[in-house]
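Engineer: Spelled out, the chains give:
Number of protein chains: 4
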Amino acid sequence: MAPHTDANRDEACLIVHGPDRPGIVAAVAALITRNQGNVVTLDQYSSDPSGGDFFQRVVFSRPGLTVALPDIQADLAETLDPLGLAWSLTDRSVPKRMAIMVSTSDHCLLELLWRHRRGELPVTIPMIISNHTNTAEDVRAFGIPFFHVPATGPDKSKAEAEIARLLDGNVDFVVLARYMQILSPDFLDAVGVPLINIHHSFLPAFIGAAPYRKAKERGVKLIGATAHYVTKDLDEGPIIEQDVARATHAYSAADLQARGAYVERAVLSRAVQWHAEDRVIRHGNQTIVF
Amino acid sequence: MAPHTDANRDEACLIVHGPDRPGIVAAVAALITRNQGNVVTLDQYSSDPSGGDFFQRVVFSRPGLTVALPDIQADLAETLDPLGLAWSLTDRSVPKRMAIMVSTSDHCLLELLWRHRRGELPVTIPMIISNHTNTAEDVRAFGIPFFHVPATGPDKSKAEAEIARLLDGNVDFVVLARYMQILSPDFLDAVGVPLINIHHSFLPAFIGAAPYRKAKERGVKLIGATAHYVTKDLDEGPIIEQDVARATHAYSAADLQARGAYVERAVLSRAVQWHAEDRVIRHGNQTIVF
Amino acid sequence: MAPHTDANRDEACLIVHGPDRPGIVAAVAALITRNQGNVVTLDQYSSDPSGGDFFQRVVFSRPGLTVALPDIQADLAETLDPLGLAWSLTDRSVPKRMAIMVSTSDHCLLELLWRHRRGELPVTIPMIISNHTNTAEDVRAFGIPFFHVPATGPDKSKAEAEIARLLDGNVDFVVLARYMQILSPDFLDAVGVPLINIHHSFLPAFIGAAPYRKAKERGVKLIGATAHYVTKDLDEGPIIEQDVARATHAYSAADLQARGAYVERAVLSRAVQWHAEDRVIRHGNQTIVF
Amino acid sequence: MAPHTDANRDEACLIVHGPDRPGIVAAVAALITRNQGNVVTLDQYSSDPSGGDFFQRVVFSRPGLTVALPDIQADLAETLDPLGLAWSLTDRSVPKRMAIMVSTSDHCLLELLWRHRRGELPVTIPMIISNHTNTAEDVRAFGIPFFHVPATGPDKSKAEAEIARLLDGNVDFVVLARYMQILSPDFLDAVGVPLINIHHSFLPAFIGAAPYRKAKERGVKLIGATAHYVTKDLDEGPIIEQDVARATHAYSAADLQARGAYVERAVLSRAVQWHAEDRVIRHGNQTIVF
Numbered sequence: 001m002a003p004h005t006d007a008n009r010d011e012a013c014l015i016v017h018g019p020d021r022p023g024i025v026a027a028v029a030a031l032i033t034r035n036q037g038n039v040v041t042l043d044q045y046s047s048d049p050s051g052g053d054f055f056q057r058v059v060f061s062r063p064g065l066t067v068a069l070p071d072i073q074a075d076l077a078e079t080l081d082p083l084g085l086a087w088s089l090t091d092r093s094v095p096k097r098m099a100i101m102v103s104t105s106d107h108c109l110l111e112l113l114w115r116h117r118r119g120e121l122p123v124t125i126p127m128i129i130s131n132h133t134n135t136a137e138d139v140r141a142f143g144i145p146f147f148h149v150p151a152t153g154p155d156k157s158k159a160e161a162e163i164a165r166l167l168d169g170n171v172d173f174v175v176l177a178r179y180m181q182i183l184s185p186d187f188l189d190a191v192g193v194p195l196i197n198i199h200h201s202f203l204p205a206f207i208g209a210a211p212y213r214k215a216k217e218r219g220v221k222l223i224g225a226t227a228h229y230v231t232k233d234l235d236e237g238p239i240i241e242q243d244v245a246r247a248t249h250a251y252s253a254a255d256l257q258a259r260g261a262y263v264e265r266a267v268l269s270r271a272v273q274w275h276a277e278d279r280v281i282r283h284g285n286q287t288i289v290f
Numbered sequence: 001m002a003p004h005t006d007a008n009r010d011e012a013c014l015i016v017h018g019p020d021r022p023g024i025v026a027a028v029a030a031l032i033t034r035n036q037g038n039v040v041t042l043d044q045y046s047s048d049p050s051g052g053d054f055f056q057r058v059v060f061s062r063p064g065l066t067v068a069l070p071d072i073q074a075d076l077a078e079t080l081d082p083l084g085l086a087w088s089l090t091d092r093s094v095p096k097r098m099a100i101m102v103s104t105s106d107h108c109l110l111e112l113l114w115r116h117r118r119g120e121l122p123v124t125i126p127m128i129i130s131n132h133t134n135t136a137e138d139v140r141a142f143g144i145p146f147f148h149v150p151a152t153g154p155d156k157s158k159a160e161a162e163i164a165r166l167l168d169g170n171v172d173f174v175v176l177a178r179y180m181q182i183l184s185p186d187f188l189d190a191v192g193v194p195l196i197n198i199h200h201s202f203l204p205a206f207i208g209a210a211p212y213r214k215a216k217e218r219g220v221k222l223i224g225a226t227a228h229y230v231t232k233d234l235d236e237g238p239i240i241e242q243d244v245a246r247a248t249h250a251y252s253a254a255d256l257q258a259r260g261a262y263v264e265r266a267v268l269s270r271a272v273q274w275h276a277e278d279r280v281i282r283h284g285n286q287t288i289v290f
Numbered sequence: 001m002a003p004h005t006d007a008n009r010d011e012a013c014l015i016v017h018g019p020d021r022p023g024i025v026a027a028v029a030a031l032i033t034r035n036q037g038n039v040v041t042l043d044q045y046s047s048d049p050s051g052g053d054f055f056q057r058v059v060f061s062r063p064g065l066t067v068a069l070p071d072i073q074a075d076l077a078e079t080l081d082p083l084g085l086a087w088s089l090t091d092r093s094v095p096k097r098m099a100i101m102v103s104t105s106d107h108c109l110l111e112l113l114w115r116h117r118r119g120e121l122p123v124t125i126p127m128i129i130s131n132h133t134n135t136a137e138d139v140r141a142f143g144i145p146f147f148h149v150p151a152t153g154p155d156k157s158k159a160e161a162e163i164a165r166l167l168d169g170n171v172d173f174v175v176l177a178r179y180m181q182i183l184s185p186d187f188l189d190a191v192g193v194p195l196i197n198i199h200h201s202f203l204p205a206f207i208g209a210a211p212y213r214k215a216k217e218r219g220v221k222l223i224g225a226t227a228h229y230v231t232k233d234l235d236e237g238p239i240i241e242q243d244v245a246r247a248t249h250a251y252s253a254a255d256l257q258a259r260g261a262y263v264e265r266a267v268l269s270r271a272v273q274w275h276a277e278d279r280v281i282r283h284g285n286q287t288i289v290f
Numbered sequence: 001m002a003p004h005t006d007a008n009r010d011e012a013c014l015i016v017h018g019p020d021r022p023g024i025v026a027a028v029a030a031l032i033t034r035n036q037g038n039v040v041t042l043d044q045y046s047s048d049p050s051g052g053d054f055f056q057r058v059v060f061s062r063p064g065l066t067v068a069l070p071d072i073q074a075d076l077a078e079t080l081d082p083l084g085l086a087w088s089l090t091d092r093s094v095p096k097r098m099a100i101m102v103s104t105s106d107h108c109l110l111e112l113l114w115r116h117r118r119g120e121l122p123v124t125i126p127m128i129i130s131n132h133t134n135t136a137e138d139v140r141a142f143g144i145p146f147f148h149v150p151a152t153g154p155d156k157s158k159a160e161a162e163i164a165r166l167l168d169g170n171v172d173f174v175v176l177a178r179y180m181q182i183l184s185p186d187f188l189d190a191v192g193v194p195l196i197n198i199h200h201s202f203l204p205a206f207i208g209a210a211p212y213r214k215a216k217e218r219g220v221k222l223i224g225a226t227a228h229y230v231t232k233d234l235d236e237g238p239i240i241e242q243d244v245a246r247a248t249h250a251y252s253a254a255d256l257q258a259r260g261a262y263v264e265r266a267v268l269s270r271a272v273q274w275h276a277e278d279r280v281i282r283h284g285n286q287t288i289v290f
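Residue numbers (this note's numbering), protein chains in the order written: chain Z, 1 to 290; chain F, 1 to 290; chain R, 1 to 290; chain S, 1 to 290.
For reference, chain Z alone in the conformation it holds in the complex (with noise of 0.2 Å):
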């Protein structure tokens, strides 16, 4: 059984998304009070209320949640299935699994584990995976285990089957906290649950490798980081998170490098807590963040 924590006990977060449609707000808020739950906070975004998209994040309190979810779960696809909504309900008591996937890189790790520590993450932490050692004394210190799959050789079906056979059934999302191997559709469809990326960006763009000399060539005067979903389209996916750090010509590449991290590791780890609060949304490319 899911380990549950005193934080949020009785709460539950409502998604519900699709075809906008008058009453929807209406429908969604009688159903939670016939269900004996009080909103606690309501976010609703529509992109057009004509024609257009809805989306919805509701968190209520209801005393006895855990008992009555199948209920409320039943109620919910008898009011909204027929409209033809997405929805879904989660217990704010039962935090998400996340697995860290790392190269050599430690600080977007380190942030996130020591964030955890701290309990500002509502996720429990079943493993860590990298294709490299040097984490893993770290990684033990905080109590998590430490999975090492070397990812050698231009073949990375085995290291992806092993790892794919290490998530299966035991996470619910996976962060790639500066994980530098690219991962293949193949992969992505056998994990099933949602990947989140960090990566620098740059104005402008730079593509390929070494981008922090390219930026330091082109004299940027920011430098920034993405947080994003994975897709099959490398560092394409919907953009959960962004932000910038002010550079000046006296930063050398490995002084833009070293101040990117700060970047990715702020960018990263609200990205994470956001997922993991159920606060985004996916829509197409785009994401709805409340």
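Please note that the accuracy of each hint is not assured.
The list makes no distinction among identical chains, and a pair is therefore deemed to hold if it is satisfied within one copy or across any two copies.
[What the hints assert, rightly or not] Derived DMTMM-like pairs (lysine to aspartate or glutamate); straight-line CA-CA distance at most 20 Å:
1) Lys214 to Glu277
2) Lys232 to Glu11
3) Lys214 to Asp53
4) Lys96 to Asp278
5) Lys214 to Asp235
6) Lys232 to Asp43
7) Lys156 to Asp10
8) Lys214 to Glu78
Hint data in this document are derived by calculation from the structure and do not stem from the laboratory.
Mind docking chains F, R and S on chain Z? Use the hints.
Structural biologist: Just chains F, R and S now, kept in the frame of chain Z:
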């Protein structure tokens, strides 16, 4: 009759706040639905779901809104008054009427006039009032009436009375865009509409005269501005918006002031826009900004 | 004779750059001292002390500067030319002459005119050139000549020739404040002074037409702007300044564009100010900004 | 003998400050040249070229620096002492020795230890001192000595004496990384090295206990942090660095505190790095940060 704009035609903005209890969201949503409204945007916040305060802003579209408004208002009174909830309903195609009061500094004034001319502020500007004359020519170039009300001498009551008479019944809110006279509690009572003020802000705070000189002496690394509603406690009213810009040791007090002017005009403009769009709910000495 | 301002009277700005070697700082400092100058501000940067490039900006005061300039210039030539160093010496009381080219969007233009009127830009503005007429009245209200040079049809050479003729000998640099015509390499050669351009920037970059629509489709969380010198590679010249503002899913493409306009005008103004103050040194496709 | 690092080998950092007069830059540059030094970076600032204060930081390379230091110091004394200028010369390959004092909050402490481990702080850390024990295990995992000095009871003089004894001769500066005991003027005298403190900062300032609760009650839209040198005036010493993060009405006091922790650790880290790199010159109650 008030001017209507084509933008936001048939859109209403409903603000509801008061003691939280289960079912408010459902009651409001049902009300909108039974009055043929369709929710465009909904923001809701509870300071504490058990015994806290409830705040909601709903924008909804409703064909033929102008004709239907009295019926909707009657329904709101019947539905929400018994629950002890305060509410307001505005037709979004009717811009608010905004007066600006200013002394000699023109940066905030011109920013507001400019944004208004670009169609970015949903307001009309029936008048500018100043205790000086240096901005008259600029103001009239924008086609806006300018009234000069001198405020010399220790007794400001005559000037305040004349300003109150100019404003009376003609405006929905007043912006103090660097108006450097202290306003009496009697004046605030007489005016009877919200006033928004902008003032410089520093970490730490420097109280009294010559704040930029004091900030220079202390070597601050940030300069800021705060926009707030005016209350009888000078500069202590509910904060609407704040922002900062970086400073260095190389800035003179004049440089700090010049740089601060850009923060002030940006912060005040955002506060004015949010107020004009009914996004700000006052609650004690705080604001909820949706 | 060029106009002089009281501000910065008897202050000179010296820029030195070229291959680094030991002793340049000492040679320049000794030169200033023996010419009765007193250093006010000195910034120096070496890309690499061994075999890299040297950049220096010195502001120094010197009583009777106007009379002494030729002697100082002769000393500079004698001292620095043998070291293979490029240098420029400017009298800071002589403002640079800046032309602005603009199409229909007025936000960058008005910001510059406004800052200029407030005395914050050390420039004179002998002319505004536009391929449209909508900003003419505003420009002339600032007391500045406005020249309309239409640029219709596929052949822009006639328009470019007329613009080049207007600029010839009359300006020290040109600002493209949302001038939406592509300028030919021949035009850039004919003008012979630096041009500064502003354009929107996103993470990731969106190339080609309708960038705000593309940014909306991708759901960007930041919108940015980049000011750069114009080179024959369109939008690829040395970056002077960049900045961003946050965006959310609730922003329409029009909202992104309106918000982006505020970033553009701030970024362009800073770039213009720094150029006008001789703070920017071009070096290949980079800038050093002191 | 002090540990030397390979980074910055043969680089010296010279700080000069005092009353401005013509020729200082030239005298310093000539001195460096005649001692076979080559300027890497030079920053200079005058509060007022006529009768103001002069500040300069020069990094220069000099083969065989360790051997040459005494001669250079003698030359500096002979050259600059007669001009009434204070100066310091440091070998950049010798890291400063930094002690950290901490109470129960670990966020600033861990950020510093982490940056140090990543090689981003040019310091050694001979000891951590705490009046609590909860961080001992983390500290020792980094291989750093942890000393527990309880500070219970009204009389802190015994604890302060023990801390002073531990620090005596062993450190070059002390960081108060959320050390929640007030330090006596006697202690500051006894320690005799600079202390850097971090504290929360708000617009407006909230003085005394429970600042985050007060900030919540006031509805602030920004939360900030200030790093400063410790003087006998509590929290009023020269500011080194400041920054802010945005907050909304939806933040609880606990949320404000958690978010504030991230600002605190970033601001303190930058202040520590700049101090360790000799970039900060104290001048009265201000700092010059190069």
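Engineer: State for each hint whether it applies.
Structural biologist: Going through the hints against the structure:
no.: 1; hint: Lys214 to Glu277; in the structure: neither (36 Å within a copy, 27 Å between copies)
no.: 2; hint: Lys232 to Glu11; in the structure: neither (35 Å within a copy, 41 Å between copies)
no.: 3; hint: Lys214 to Asp53; in the structure: between (40 Å within a copy, 18 Å between copies)
no.: 4; hint: Lys96 to Asp278; in the structure: within (10 Å within a copy, 37 Å between copies)
no.: 5; hint: Lys214 to Asp235; in the structure: both (18 Å within a copy, 16 Å between copies)
no.: 6; hint: Lys232 to Asp43; in the structure: neither (30 Å within a copy, 34 Å between copies)
no.: 7; hint: Lys156 to Asp10; in the structure: neither (44 Å within a copy, 46 Å between copies)
no.: 8; hint: Lys214 to Glu78; in the structure: neither (55 Å within a copy, 37 Å between copies)
In summary, the numbered hints that this structure violates are 1, 2, 6, 7 and 8.
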